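Enquirer: So you can see what is in the structure, the chains are spelled out below.
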Amino acid sequence: NAGVTQTPKFQVLKTGQSMTLQCAQDMNHNSMYWYRQDPGMGLRLIYYSASEGTTDKGEVPNGYNVSRLNKREFSLRLESAAPSQTSVYFCASSHRQFTDTQYFGPGTRLTVL
Amino acid sequence: DAKTTQPNSMESNEEEPVHLPCNHSTISGTDYIHWYRQLPSQGPEYVIHGLTSNVNNRMASLAIAEDRKSSTLILHRATLRDAAVYYCIPPVGNTPLVFGKGTRLSVIA
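Each protein sequence line maps, in turn, to chains H and E. Position 28 (the first sequence) corresponds to 28 in our numbering; numbering is contiguous. Position 33 (the second sequence) corresponds to 1033 in our numbering; numbering is contiguous.
Hints may contain errors.
Claimed, not checked - In silico SDA-like pairs for lysine to any residue, Cα to Cα no more than 25 Å straight-line:
hint, chain 1, residue 1, chain 2, residue 2
1, H, Lys-14, H, Glu-52
2, E, Lys-1003, H, Pro-39
3, H, Lys-71, E, Pro-1096
4, H, Lys-71, E, Thr-1095
5, H, Lys-57, E, Lys-1003
6, H, Lys-14, H, Pro-83
7, E, Lys-1003, H, Arg-68
8, H, Lys-9, E, Thr-1095
Hints in this document: simulated from the structure, not taken from any laboratory. Since the structure is predicted, the reported quantities are computational estimates derived from the model, not experimental observations.
Bound conformation, chain H alone (with noise of 0.2 Å):
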């Protein structure tokens, strides 16, 4: 099993420019979740989707949209990129929402000029 996989490793971007975060868990897990981890900070909720056809904002959703796309796949979108965004952005996936075990992916480091 590869768990929780994320697309790209990394990514630059310049401000205005959109782009979307793929993730993919092979887990058969119903819930899924977008964090974003700044410089020295603990790890904040962006969106999260309890099941397929669901999702739900988490703490800091402004600038992004998401879609749950199947019970695999959950990608997180930017319309239009700021520097405020600049920060590393995981992806994470549970059986039941919240209450298990969140397995995560290794990251998207992305950077906004």
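Assemble chain E onto chain H, guided by the hints.
Expert: Below, chain E alone, put in the same frame as chain H:
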């Protein structure tokens, strides 16, 4: 919210036991206490969780106070690969996990 308090950093010698404390004085009676760790340049990984009694797995042990207001993650023999940030997370019902700043553990050879 179950507010948690962890030391910012701790240091251990290799092969020595490490006790990482966490206070979660407002935890409810039915919320499990979860511990995750984050190795350098990696995503967080699950370490252990428990409700009331002490728990052991291949990675660590979790000692939970009788009143559940605090817990201690125990690494029995720290290795250099255990150098990481350790997060204590008592979820509050069916709400998102809150990853605070955790405790940065340094292991000295």
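Enquirer: Next step is simple, just say for each hint if it's right about the structure.
Expert: Okay, the hints, checked on the actual structure:
{"no.": "1", "hint": "H:Lys-14 with H:Glu-52", "in the structure": "32 Å, violated"}
{"no.": "2", "hint": "E:Lys-1003 with H:Pro-39", "in the structure": "22 Å, holds"}
{"no.": "3", "hint": "H:Lys-71 with E:Pro-1096", "in the structure": "20 Å, holds"}
{"no.": "4", "hint": "H:Lys-71 with E:Thr-1095", "in the structure": "21 Å, holds"}
{"no.": "5", "hint": "H:Lys-57 with E:Lys-1003", "in the structure": "22 Å, holds"}
{"no.": "6", "hint": "H:Lys-14 with H:Pro-83", "in the structure": "8 Å, holds"}
{"no.": "7", "hint": "E:Lys-1003 with H:Arg-68", "in the structure": "31 Å, violated"}
{"no.": "8", "hint": "H:Lys-9 with E:Thr-1095", "in the structure": "29 Å, violated"}
Comparing the model with each numbered hint stated earlier shows that hints 1, 7, 8 do not hold.
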